[in-house]
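Student: All chains should be modelled from the sequences, with the hints used to inform the complete structure.
Quick note, the sequences are listed as chains A and B, same order.
The numbering of the first sequence is the UniProt record's numbering, which starts it at 1 and goes up by one.
The numbering of the second sequence is the UniProt record's numbering, which starts it at 1 and goes up by one.
Quick caveat, the hints were computed from the structure, so don't treat them as lab data.
Given the structure is predicted, the values throughout are model-derived calculations rather than measurements.
Keep in mind that a hint or two might mislead.
[As the list claims (entries may be wrong)] The calculated PhoX-like cross-link candidates involving lysine-lysine, where the alpha carbons are at most 20 Å apart (straight line), are:
| # | chain 1 | residue 1 | chain 2 | residue 2 |
| --- | --- | --- | --- | --- |
| 1 | B | Lys-143 | B | Lys-52 |
| 2 | B | Lys-105 | A | Lys-123 |
| 3 | A | Lys-132 | A | Lys-120 |
| 4 | A | Lys-78 | A | Lys-247 |
| 5 | A | Lys-49 | A | Lys-133 |
| 6 | B | Lys-84 | B | Lys-52 |
| 7 | A | Lys-78 | A | Lys-226 |
| 8 | A | Lys-133 | B | Lys-105 |
| 9 | B | Lys-126 | B | Lys-84 |
| 10 | B | Lys-84 | B | Lys-143 |
| 11 | A | Lys-49 | A | Lys-238 |
| 12 | A | Lys-238 | B | Lys-236 |
| 13 | A | Lys-226 | B | Lys-236 |
| 14 | B | Lys-234 | A | Lys-238 |
| 15 | A | Lys-226 | A | Lys-238 |
| 16 | B | Lys-234 | A | Lys-226 |
| 17 | A | Lys-123 | A | Lys-78 |
| 18 | B | Lys-105 | A | Lys-120 |
| 19 | B | Lys-136 | B | Lys-126 |
| 20 | A | Lys-49 | A | Lys-247 |
| 21 | A | Lys-120 | A | Lys-133 |
[Claimed, not checked] Simulated restraints, written as ranges between beta carbons of each label pair:
| # | chain 1 | residue 1 | chain 2 | residue 2 | range |
| --- | --- | --- | --- | --- | --- |
| 22 | B | Phe-284 | A | Ser-250 | 17 to 23 Å |
| 23 | A | Gly-212 | B | Val-248 | 46 to 52 Å |
| 24 | B | Ile-167 | A | Arg-259 | 57 to 63 Å |
| 25 | B | Thr-265 | A | Ser-250 | 52 to 58 Å |
| 26 | A | Lys-132 | B | Lys-105 | 38 to 44 Å |
[What the hints assert, rightly or not] Take a look, some chain A residues computed to stay more than 12 Å from chain B by CB distance:
| # | residue |
| --- | --- |
| 27 | Asp-11 |
| 28 | Leu-24 |
| 29 | His-46 |
| 30 | Asn-55 |
| 31 | Ser-70 |
| 32 | Arg-91 |
| 33 | Phe-94 |
| 34 | Glu-111 |
| 35 | Leu-194 |
| 36 | Tyr-253 |
| 37 | Pro-256 |
By construction, the Cβ of each residue, glycine as well, lies at the ideal position given by its N, Cα and C atoms.
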Amino acid sequence: MNDNQSLNLLDRALGLDQQSRPWLLSGRVVLVEDCVESTASFVLHHLIKRSLCLNSSNVIVFVAFANPFSHYDRVLRKLGCNLVTQRDNNRFFFFDMLMLQCPDGDEGKSEVGLVLLYEKIRKTISVLPEDKKSHVTVMIDNISLMEVAANGASDYVLDFLHYCHALTSEFGCSLVTLNHEDIYSNTETPTFILQMEYLADILIKAEPLATGLAADVHGQLTVLNKATSHALGSSRNKVYNFHFKVKENSVEYFYPGSRG
Amino acid sequence: MAETICRTLRDGGLEGEHAPALAIKDSVASSFGLDVFSHVLTQLSNYILAGKSQSRGLVVVAFRRSPSFYVNLLKERGIDVNHKWIRILDCYTDPLGWKELLNVKELSQEASTLSSICRDVRDLDKLYSSIIELGKGLIGQEKGRFSVAIDLVSKMLRHAPISSVAILLSNLRSHDQVSSIFWLLHSDLHEVRVSAVLEYLSSMVASIEPIIATTIGKKGDLENLSWLEQNFRKGKFHVRFKRRNGRVRVMCEELHAELSGINFTSVSSEDGIINQRLIPKVQFNLQLSEKEQTERAKVVLPFEHQGNGKPIQIYDGRRSISDNKNEETLVSTGILQTDEDTGKGEIIYFRDSDDEMPDSDEDPDDDLDI
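Tutor: See below:
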């Protein structure tokens, strides 16, 4: 019950407000897109916190290209979640990929690094007890750095994402990825980001306000939820839009115009 | 009209002709492609099971979704899924052979009895022979035909050039045991020429377009958001039929996304939608109804010779030579008439042009040189 009260607009948009088991994101692909002016890593932090909260049995496999463990540990500690304990309890698996550099050169060689990463993720999930497999969230922070690690071979990254997508249907786990939208904005046809959008069931976009900077509002989130929800009464294909303000140890979400 | 597509696929092709082919194309702004694909798949499955179609079986080539997705989809819609009429070529689970490389054991699923796995989608020759093999397995030794459904050609195009994909599709179409074929394409992932090539290969093209063309939240202002919301719920559904004699017919419908699938509704006219959308709901009428419009057209204006054969003249503030001439004749006829019948007069009236409204902030004496 206590949990219910702490639900915010983001949770509602993702459909996490319905008290149903299993975990509502299971089998779904969530894509978080952000840009330089407003970073959306707080969405990932929020999802980590939601997954690891006391009365759930979710497991996170976190693939970090952007920051070391200590960074996430510090952020999540402020949010009231101890990642070290969760890691010791086998509920938080952290893959430090900061140093991953796929071998360059011959055709197919840079693929190997990603194949091995896939194997690592798959193994981690498959050794979990049967009842936990569908409660796994694979999180990747972030795809553009993965592309860098793969020497810019975006095709291999897409292959990797396809295999991760296959994991969601095989085990019923969920996949959450973060990517920067604006780095693809120059290309005439931003095929890579489009491919990712096609894969996603839920798309979360973080943007600055159209009206410019504001002290009380840090940006806006648009959530496109195209997943078919089997829960009664919910219709498919919904769009949510709200503003956010990132604070020291929490994030406020509110409807445009309801604050300040 | 979505019905027409399904019926054409059901009826199949004639002996010695290419099988009818449907290309479904969508874009990220209106990504209902998979829904339309599922709709056509369900309809065709119904026809096959009821024995109404030319084809006796269906081969689904699954790139985008897992075989179990399709099995569940058909089951949810009350269709009996068994190996007698459907086979799935699984290009989803392990398209590049990574799992084989890593010695991963496949979990046995219900769908695996119906599906066979393809571990290298880059080899299109092998893919082609697997499809034909599965189809032949379905119909056995009998003389019959089967249908082929490819759920995402875009995935195929990532691993193979357009020429080989075109050869594959064309070979499937001309195979004498293929009754009909349909596929899905995300058109914005490819160059225009690629989708053009694929459209040439098909006899029907169903394209799904957004209701309102918009760039998704370039700067997410609220107006854009409501458009986005509209596009997210429904889309325009255009179908182009190509007849054997070369005649092309285009039809348009609107599709709505719902929990149970998609619905098609007919669109009476484009204007209807625009009017509904642009005009806000008010208590009074801003527009005339059709009846009111016809009634207004019938109203007889005073001092105009109404429909007695002469052209109606409208004074627009200037007079050209032809106007002068007309006036002279009018005047002369007037004189003639007065001569003949002195008891009557005639009013010569030129109606003022409607669009010459007096401009309120213009000084009428502006050109006076005082």
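Student: Go through the numbered hints given earlier and state which of them the structure violates, listing their numbers in rising order.
Tutor: The structure conflicts with hints 7, 9, 11, 17, 22, 25, 26, 34, 35, 37, although it agrees with all the remaining ones.
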